[in-house]
Every structure is written in structure tokens, then in C-alpha cells.
Amino acid sequence: MTPNLLLAAIMLINFMLVASNRVDKCISLAAVQGLLLALILLLMHPHWTFLALLMAAGTAGIKGVLIPVMLHRAQDRMRQEREPEPYVGYTATLIMAAAGTGLAFLLARRLPLQPGNLGTLFVPASIMALFTGFLLLTTRKRALLQVVGYLVLENGVYLFSLLLVKEMPLLVESGVLLDLVVGIFVMGIVINHITTAFDSQDTHRLAHLKD
Amino acid sequence: MIAALICVPLLAAALVWSMRPGMHRAKVLPVAAFLHLGLVLWAVAHAHRLSPGAWFRLDPLGAWMLLVVSAVFTICACYAPAYLALRTERDFGVFGAAMLGFLSMASLVATARHPGVLWVGMESMALATTPLLYYNKNRRSLEATWKYLLICSVGMALALLGTFFLAYAAQLGGMGEPIWMDRLVANAPSMSAPWLKAGFVLVLAGYGTKMGLAPLHTWKPDAYGETPGIVGTLLAGGGTTMAFLALLRMYAIVSAAGLGDFARELLVAAGLLSMAWACAFMIRQGDLRRLLAYSSVEHMGILAFGMGIGGKAVFFALFHVAANALVKSALFLGSGNIVRSFSSKSLGEMTGAIRRLPVSGWFFLLGFLAVTGTPPFAPFTSIFGIGSAALGGGHVLAGALFLALLAGVFVAMGSVILPVLQGDPDPAAVRTRYQDTVGLTAPIAGALLLALVLGLWVPGPLMNLLTRAAALAEGRP
Chain A
51 MTPNLLLAAI MLINFMLVAS NRVDKCISLA AVQGLLLALI LLLMHPHWTF LALLMAAGTA
111 GIKGVLIPVM LHRAQDRMRQ EREPEPYVGY TATLIMAAAG TGLAFLLARR LPLQPGNLGT
171 LFVPASIMAL FTGFLLLTTR KRALLQVVGY LVLENGVYLF SLLLVKEMPL LVESGVLLDL
231 VVGIFVMGIV INHITTAFDS QDTHRLAHLK D
Chain B
227 MIAALICVPL LAAALVWSMR PGMHRAKVLP VAAFLHLGLV LWAVAHAHRL SPGAWFRLDP
287 LGAWMLLVVS AVFTICACYA PAYLALRTER DFGVFGAAML GFLSMASLVA TARHPGVLWV
347 GMESMALATT PLLYYNKNRR SLEATWKYLL ICSVGMALAL LGTFFLAYAA QLGGMGEPIW
407 MDRLVANAPS MSAPWLKAGF VLVLAGYGTK MGLAPLHTWK PDAYGETPGI VGTLLAGGGT
467 TMAFLALLRM YAIVSAAGLG DFARELLVAA GLLSMAWACA FMIRQGDLRR LLAYSSVEHM
527 GILAFGMGIG GKAVFFALFH VAANALVKSA LFLGSGNIVR SFSSKSLGEM TGAIRRLPVS
587 GWFFLLGFLA VTGTPPFAPF TSIFGIGSAA LGGGHVLAGA LFLALLAGVF VAMGSVILPV
647 LQGDPDPAAV RTRYQDTVGL TAPIAGALLL ALVLGLWVPG PLMNLLTRAA ALAEGRP
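Going line by line, the protein sequences match chains A and B.
51 is the number of the first residue of the first sequence in the numbering used here; add one for each residue after it.
227 is the number of the first residue of the second sequence in the numbering used here; add one for each residue after it.
Bear in mind the hints are in silico, worked out from the structure with no lab data behind them.
Just so you know, not all the hints are guaranteed correct.
Claimed, not checked - In silico lysine to aspartate or glutamate, EDC-like type, Cα no more than 20 Å apart, as pairs:
hint, chain 1, residue 1, chain 2, residue 2
1, A, 216, B, 403
2, A, 216, A, 252
3, B, 363, A, 252
As the list claims (entries may be wrong) - Residues on chain B that point at chain A, a partial pick, calculated with CB under 8 Å:
hint, residue
4, 244
5, 293
6, 349
7, 369
8, 386
9, 387
10, 390
11, 409
12, 411
13, 418
14, 447
15, 451
Beta carbons: idealized from backbone N, C-alpha and C, even for Gly.
Bound-form chain A, shown alone (with noise of 0.2 Å):
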């Protein structure tokens, strides 16, 4: 069975999260990513091993759960304040994340793939939430929001390694996850100052250092 249902599925939330104005949508939004990540990861083994049990479990709990939650709490803990306006309008990113996912087609089909691999959108899901993350990173000045958009980055590098599930041994694969786990946490801390010194998480007042 192929899983490229599921990609789709996360093409389409691509495409949602770059067209959405508020923040728990999407992180909503971004969490749902996450349990799909491990549901293709099930897919992908014919034969569910523990090794691969414990992969999809972990994987779901942390970018399923709970970064999701964590963000979501942040959320809350925010002064509800207006939406600050993007640097880039919905409807410029949106177009932005169509080309980009025309370009990541294009890209896909110029590397060879491996036999079992073939016909499956993994590569061009993969470099689409690439992009749509750096869209989000660069387009959004709320802080969570440019969270959410290194989330996304993050599921589409992930996306790719589940073509090496086999290669790449358990230890490296947690130690990524981990990483992104602390990652994500010490940029909630970071958040959490910026909020107390500019009582906002509009990342546009971080406009000092320049040149």
C-alpha cells in the first residue's frame, strides 16, 4: 500500500496553515501533521516490529502531542491581543506556497529514486513542507507562528528520513527528535521573555539591531 493519501493529506495542511490567520488553528493544524508523520511511518512497515512501534509512538506523542500542547499553552498564557498583520499578505503566501509546490515537483522528478519508492509522493511532500515552513518563518510576526512554521520545516526533513527508516539506525533518528523536542522548548523560554519585556509576541518590536 502506497501512503500517498496521507501525503496529500499534508500537502493540503500546508496549504491551510499558509491560508490561516490564527494561531491555535495552527498549531491545530501542525499537530495534525504530526499523527499523520506516524501513521505513513506504520505504513511504510508491511510487518509492525517493536523498533517501528516505538518510532511511530514516539514520533506521534512528541510532534502529535506534545509541542502541540506546549504551544497551545503558551497560546493561552498570551494577552488575546489583534492579530498582527503578516509582512506578507495570506493571499501572497498562498500563491507563493503553490509555486513553491510546482517547483518542488519539478525538483523531485530530476533525482532517481529507489525502486520501492517510486510513485510515491514523498519527495515532493517533503520539499513542499520545507518551504511552506520558511514561508511561515519569514511572512509571520507573531512568535508561535514562526514556531509553528520551524514545526512544519521540521516534519518535511522528517518526511524525507522515513525513506531511510531502514538506513539510518534508531539512535540518530531520537536523537533527532529529541533535539527538535529541546529545540522547540528553549524557543518556548525565549518566547516566554519576550512576551514579559514586550508585554507582546509580535516579533516585528525586535526590530532594534540593525545596520
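Since the structure of chain A is provided, determine the placement of chain B on it from the hints.
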């Protein structure tokens, strides 16, 4: 043995963390630093007796880079007690633990045998340095920390994807686990070229961000500008060195696969762009630390350029890693003393630094001359070597551009720094009670002395190590 390199600083970090506040805490740093440096020297001398483990091994390239970082760390650690005594209002626990955590992760990066482990080490190193950036705990340092965290995290994500591409290229080439670096180099010719190329571009962008190659360097001026000089030293002399090593590990594989020309063109372009960018932003720069940050961007450009020229220039690029790290230590620590004396890092408010702080002022002047490639300091040797390798190797246009940019940087940097050092101090300028002390100037003298000695004479064993490291960097076992 290799485990000790990683664990000793980690244990020291735990010790600092658990100790009660007080000045004796800061003394853990120099002790741990000398212990680590001793371990590295012992390991380098007895490298033939160290058998590689499954995950770690010490090869000449990693050993050379680790030696540089350990030396820079020791210089910082000697500076730390006197520096922290000036800042008793700050709790030292997090700062000291983060510094030692950085050293531990740098050792992990230098000895990693697997590209995945290497990546984990680089990411952990970046996270360990984050608290250091926020040391001053004000809005400006918060902004710098946020930018550093986001930009470097994205860079690390790109590097990770590049690492995965590399693994996929190996898989397509019929290579199974374990994908050790040495095995990858040996099997490189059979690996899939399109994936290797795409992977190298990603890794260059990713680790290039951490190195601070233009235009991915944007976190650097902010980070260096808003942190204490001691953190700037650690980032400019240690963090960038390890990022360069990570890039070289990938380069060695690509080069062994016969795609060297493709990679070298990219490196030369990235190098020249960084130098030009740095030169442009040095002109009329108003902030001392940001000026040093652009100098770091320039020197990362020199490293990339040297690698891209290939051949003899690779040897000099690796030598330049040490030359740059030592001189940058002197400059960053010296700038710390000057900034504290003037209570400002805005260049418009400083004049006559040599009059006010004769020792730090002179050292800073010597550091400026050294960093711009004045003989007989070590950077002169490496820059001259890279330049002549470029011109002699048929890269006439690139070599000429290289020399022109070096001259441009000398003029731009000099026109900003010399007015600070010369003349009489402005009587209206803030006069703090800061005075040069032995604890705050001896480490700078040590760094400059090492740079001077290396410029005049490279000991035989070191030369041997460098030659073997250069061969490894080019993918020749």
C-alpha cells in the same frame, strides 16, 4: 579515551551547575579547560593507538579542529574568572554550564564518525550556546537570541535534510549500514550523483548558516554585538570552526565521488561573496562588536575560498582556522576590555583607547594588524598561501578578486578602528573605573603570542597533522 573528551567538560558543567554561588565556581572553567586541552594533546599524540568505535573516532581532521577549539576555550576560560568578578550581579551557574556544554558538544562533533551523530552534536552545540547569548538579559540581547535561535535552527534543519540526502545517495549506490564517514568516502564513487549534489547544496546552506557565510550570516552581527566578548570569542573561534568541519566532512565525500569541481565552484563563489559583503558592511560601521562580526564573516569567506581553490590552498585554509580563531580571541576579549572602559560600544564615543588602556589598546591594535594579514602573524601565512595557490593554480580572476577584497577590508576596517585607538580620549566621554588587570590581559597576550609563534614556525608534529588533515578534507584517505 574519546569518551573522556566529551564527558570531562560535561561533568564539569554539572559541577558548576550544582555548586553554590560564589567566585570559586568560575575557577572550575580553567581547570576543566586545561584538563580538556591536555586530553586532546594526549589523544593527538597517541592517535595511532586509539581504535575507532562504532560512533566515534579521532581522525587528523577532527583532531586539528578540536585542538583549535580547545585552545580557544582555554584562553576564554583563563579570562573568565577575572571577567566574572566584574559582573557579580549575574548568576554564573547557567553561563558556566552552557560554556562547558559547548565544549563537550564540540568534542562530540569533532569525533563523530556518523553524519547523523555529527548533526546531533552540532544542533546540541547551538542549543547549548543559546543561554550565553541571553547573558545580558535586556531587550537587545533577547532580540539577538531570538534571531540566532530561529535562523540557526532553520540552517540546522537544512543541514539535516542534506545529511538525509547523502544517506539516500549511499542507499541508491547499494551501500548499507553503517554509513560511517570513512566508509562513505571509500564508497563515494558508486553513490548517486544528483542526490549528492543536492545534498551538498543543502549542507552548504545549512552549516554555512552556522559558519556565517553571506548571505546567511544575518544572525552574526546581532549575536556578536549583544553578547559579552567572551561569548563572541567562543562563537567566532569555536562554533564557526565546528560548522566548517561539518561542511568539510560532506565536502570530502562529494570530492571523493568525483563531484569536486561542482562543490569547489560553489565554495569559491560563497567565499568571495562573504568577503565582499563583509567589506561593504565594515565601511562606516558604528559598533565595535558588529565590526568584529563582519570580520568573522570575511574570514569564513577566506576559509570557503581556500577550500574551493583546492590543492595547496586546502592546507592553508585549515591552518587559517587556527590563525583566525586565535586572533579573533584576542580581538573579542580586547574589545570587551575597551567597551567596559568606555561603557559603550558605539565607535563614535570612543577615541584614544591606547592612552586610556595601554595594554588592551596595544593588543587590540596588534590584533587588528594580525587579522588583516600583516606579517609575521599566522593569518599572513595562511592568507598568503591561499592567495598564491589561487594565482599559481590558474584561478587568476578569483585570486585577483581575493587580493582586492583583502585590501578593501584592510582599508575599511582600519578607517573604523584606528580612530578609536589613536589620539586623546575625549574628556567628555564616560570614564568608568575599569582598569586593565593581569587576569584580563594575560589571556589576550597568550592568544597573540600563539598567533605570532604559528606565523613564524609550525612545529613538525603539527605540520604532519595538518598535512594529513588536508588530505582527509579533500576525500583522500
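Results for each hint:
Note on residue 216 of chain A and residue 403 of chain B: the hinted pairing holds, with a Cα-Cα distance of about 9 Å set against a maximum of 20 Å. This hinted pair does not check out: residue 216 of chain A and residue 252 of chain A have alpha carbons roughly 42 Å apart, beyond 20 Å. For the given pair, residue 363 of chain B sits about 19 Å from residue 252 of chain A by alpha-carbon distance, which is consistent with the 20 Å threshold. With a cut of 8 Å, the hint placing residue 244 of chain B at the interface with chain A is violated, because the nearest CB-to-CB distance is about 20 Å.
Interface hint at residue 293 of chain B: violated, since its Cβ lies 26 Å from the closest Cβ of chain A, which is beyond the 8 Å cut-off. Interface restraint check for residue 349 of chain B: the shortest CB-CB distance to chain A comes to about 5 Å, inside 8 Å, so the restraint holds. Interface restraint check for residue 369 of chain B: the shortest CB-CB distance to chain A comes to about 4 Å, inside 8 Å, so the restraint holds. A distance limit of 8 Å between C-beta atoms decides the matter here; for residue 386 of chain B the minimum to chain A is near 5 Å, and the interface restraint holds.
The restraint placing residue 387 of chain B at the interface with chain A holds, with a minimum CB-CB distance near 5 Å, inside the 8 Å limit. Of the supplied interface hints, the one on residue 390 of chain B holds, with its beta-carbon coming within about 5 Å of a beta-carbon of chain A, less than 8 Å. Among the interface hints, the one on residue 409 of chain B is violated; its C-beta lies about 13 Å from the nearest C-beta in chain A, farther than the 8 Å criterion. Interface restraint check: residue 411 of chain B against chain A, minimum CB-CB distance 17 Å, threshold 8 Å, status violated.
Satisfaction of the interface hint for residue 418 of chain B is found here, the shortest Cβ-Cβ separation to chain A being roughly 6 Å, below the 8 Å cut-off. The beta carbon of residue 447 of chain B is positioned within 8 Å of a beta carbon in chain A (closest approach about 7 Å), and the interface hint is therefore held. Annotation: interface hint on residue 451 of chain B holds; nearest CB of chain A at approximately 7 Å, less than 8 Å.
Of the numbered hints stated above, those contradicted by the structure are hints 2, 4, 5, 11, 12, listed in ascending order.
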